[in-house]
Amino acid sequence: MSFPNKAPSAGEEVGTQRRGGPKAVASVVLLVLIVVADLWVWIRNPDDLDRLLINLLLGLSAFATLHLRLLSLASAGFAAIGAYASAIFAVKLGVPIWLAMPAAASVSALVALVIGLPVLRLKDVYLAVATLGFGEIVRVAIILLPDLTGGSTGANLSTGFPYEAMKQTHAWVMALVLLALGWILATTARTRTGRALRAIRENADAAATMGIDVVAHRLLSFAASAFLAGLAGAFYAHSVGSLDAGDFKFTRAVDVLTYAVLGGSGVWFGPLLGAGFLTALPILLRDSLSFLQNFAQLPNIVNGLALMLAIIFMPGGFTSMFEGALGRRGGPKAAGKAGSEAGRARKRWHSAPVPADGLAETKAEGNEPILRLVEVSRNFGGVEALSKVGFDLRRGSICGLIGPNGAGKTTLINAITGVIPPSSGRILFAGSDIAGRPPHRIARAGIARTYQNIQLFGEMSVLENVVVGRHVHIRTSLPEAWLSLPGQRREESHARKEAHALLSRLGLDELSGARASTLSYGDQRRVEIARALAMLTPEPGDREGAARPQLLLLDEPAAGMNEAETEKLGDFIATLKTHGYTVLVVEHHMDLIMKICDRIVVLDFGRKIAEGAPEEVSRDPAVLEAYLGGE
Amino acid sequence: MKRIIVASLAAALAVSSAVALPATIKIGAAETLTGDNSSYGISIKKGLELALQEINGSKFLGSSKIDLIVMDEKADKQEGISVFNKLINDEKVSLIIGPTLSSTAFAADPVAQQAGVPVLGTSTTASGITDMGDFIFRDSLPQSAVIPGTINKVVAKYGVKKAALLYESTNEYSKSEAGVFKSALEQAGVQLVGSESYQKGDSDFRTQLQKLSQKRPDLYVFASLIGEAVPVLQQAREIGITQPIVGGNGFNNPAVIKNGGDAAEGLIIGASWSITNDDPKSVAFVKAYNAKYGNNPDQFAAQAYTGLWLVATAIKNAGSADRVAIKNALGAIRDIDTALGKFSFDDHRDPHHENAVVVVKNGAYVLFK
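Heads up: the protein sequence lines correspond to chains A and B, in order. Take 2 as the starting number for the first sequence in my numbering and just add one per residue. Take 11 as the starting number for the second sequence in my numbering and just add one per residue.
Think of the hints as simulated: they come from the structure by calculation, not from any bench. There could be a bad hint or two in this list.
Derived BS3-like pairs: lysine-lysine, alpha-carbon spacing no greater than 27 Å straight-line [unchecked claim]:
1) A:250 x B:185
2) A:250 x B:102
3) A:168 x B:102
4) A:93 x B:102
In this text, all values refer to a predicted model and were calculated from it rather than measured experimentally.
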């Protein structure tokens, strides 16, 4: 196994460096215990290896969806599809088993792609119920297709499935396949895709405005989960040699969910630990309590009790103990002391000379408007949050967007970035209408933003947050990343370098290893700015990229900052202008707005009431009335 | 010379095994003791333990005792495989009784077949169970064997010439049951004058019943699941059908008597065993079961009880606890008296005994004679 980016800098990623501590020791002991228990169970009874492998595969399948916080209960349904498809391929069509199984798993994945589009729009419990319904449909379909499946009585000799041809276990091959799949998942976690998935897990809306196609990633994960469940089902079919609809009941899906809940769904091996534990424990209990013949329920009760205790004492699952041990640090230089470090970092920001790199020279040629809003409106029910707002933004300028609370400033930024598309009107960015496009497309076109309510990927490190911003610039495909080709490593380390440079500019490099949620309010705002800039900044040497328009939307960037910090921020924004960026900034700090803006647009009750140079706007009677209250 | 030595060795072994059964003979039982289907497994366990008590108590095997190891297979295929492996490899049992459900048997029995351990199912009725190999036996009559016996008795008593059939066409079980009814009637020389079907969820069967009654059959045969059994019976009586009615397995349920009321009177059903059976072994079993557990046995207890007695008989006949010897002796069992009646294994290791036919009279099952 080789993990890319395990250079010294890897320590900055939350979750890769382990430090001692009672919890970490306990979790290692637990891990070893589970592995030993499973080995023991398997050595005593080799047939139990099949069972373990099937459950481990199902555990991986649960990870693939739960990692994105998709509460899917479709695993039993996908396992059923894989099982029956493999049985039909192998027995009815005579396909060799090693081909039939992956083919069957692919059938599951295809079905997932088809049902995923409508189903993945749902969230939480609604998704759970919808996927539960899917599982039931599969079960009923099995019963209603007796020619294909043997109907309610099942697929075995009696219904034309020759038993011997179906029952073939290849446990060793499966064990290798499982290792390979685990390696792929582990490796994926360290790639651009893995980072994008973590970002979606942390904050799907923010991920979309970083150019990440959230729907595609969710669909891909759902299909991967279905593939793994389908493979488990196919292996099950050939392991037990007979199938009926009762094998894929709802309770099976709940079992699979339990693997992930018990093991922890944040890290790929969490559900594996859960599956290993829940497979070995009942077998060990059965064998050790077998003298209690008249208490058949006892092993079940002890099993349930162990499960309850485990959940109570490890609410985040087994792997949460690792994370717990990690939470107190965060990197070689930070987190535990995040507060004091932050203070020092901030001081350093004030005094440090602005480093030269980190920002690209984008070519701000010509004076054409980069953004043109034409009669942009947005209704919420009967309320008009925006009413026919129109203005131009010149390339390479800084424009202030001000107005009283509730004037529609954030709504306008949401409309431009596609988070809440406008009800009507046109939004022309570099000449093309982007109104109503999905947020990730708009982001890729060259519009980045920060949020009034901070939307960082809280559990990721500061550096990772900024590297997510580089998502659209990293071109390596997933298979290339799995192979860890030199090009991929170069790209990754370059992305990190860029991110470090940006963080240095914003005086945050000291905090790059800290968990983002541990930072102070003002620091978090600057991380958001760094992240947004990371997305906008083209790769060096990318002439086309440098020529592309770059628009940065800052929604109250100075909120939570003190006067000195605000001033420094103003200088920074002004620097952006000299580098060719166009900035639209929403702010309540009037000093800041007056100092840095070329033009100011004033909104009130969703309408534009004034527009012009700062000194014009500050004298405008309509503006004064809006701010001072109609006197 | 060599042949003589081998022959005398074999003879010596045969003699020694005939006289020396081991002090304890381990028999495994893998049954569903927990979960949705545990009521079957618990009945089975009671039947087995009653037989165990009688066999060991009466010194049926001389000074040898049977050690019965009951394990829970949870009606789960993987657990079934796991439990079979444990019984075979760790406990080194001579034979396994079980598992409870046919679906588990399809997964677990091949493990025993491969290891050369005989299996006796006492509740598995699906077709194809004994096709899994020459070590796989069962003493549970499948529905396909119960129906012909029932039809024959009814035809003989009433001199039936013409019969009519109503069945549910949307379910595998009723469809296959209807097929068995058809061939049983044909075998008995009865003409099938009408055959009608309905779909799951239908609530009005009068049209089909009217059509059938116009053909003036002497016998009605219904293959329904429990959901439709009572309305089918009630509507048949409503439109004036007074001829004998034979119901399929869906009617073999106390709820039919309870909810059917007067309409259920005269309903004839077949079962592998009934508590009303009057042969001495059956009566003795019911009495002993009642004395031990304080309630009446069901068909599963009777089949399990008989199963362990069959195993003990095979061990006695074989004079050995050897797996192959027991298998051969089991397969040779013919015409012995058991709680299920006069019992034989056929050449395909399936059971052969007269099944019970009962009729509802005054709101209770009585033996059909």
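Here is how each hint holds up against the structure:
For the hint linking residue 250 of chain A to residue 185 of chain B, the alpha-carbon distance of about 24 Å falls within 27 Å, and the restraint holds. Distance hint between residue 250 of chain A and residue 102 of chain B is unfulfilled; the C-alpha atoms sit about 33 Å from each other, more than 27 Å. Between residue 168 of chain A and residue 102 of chain B the alpha-carbon distance is near 24 Å, which keeps this suggested pair within the 27 Å criterion. With a CA separation close to 37 Å, the supplied pair residue 93 of chain A and residue 102 of chain B exceeds the 27 Å bound.
Hint check: violations occur at hints 2 and 4; the rest are consistent with the structure.
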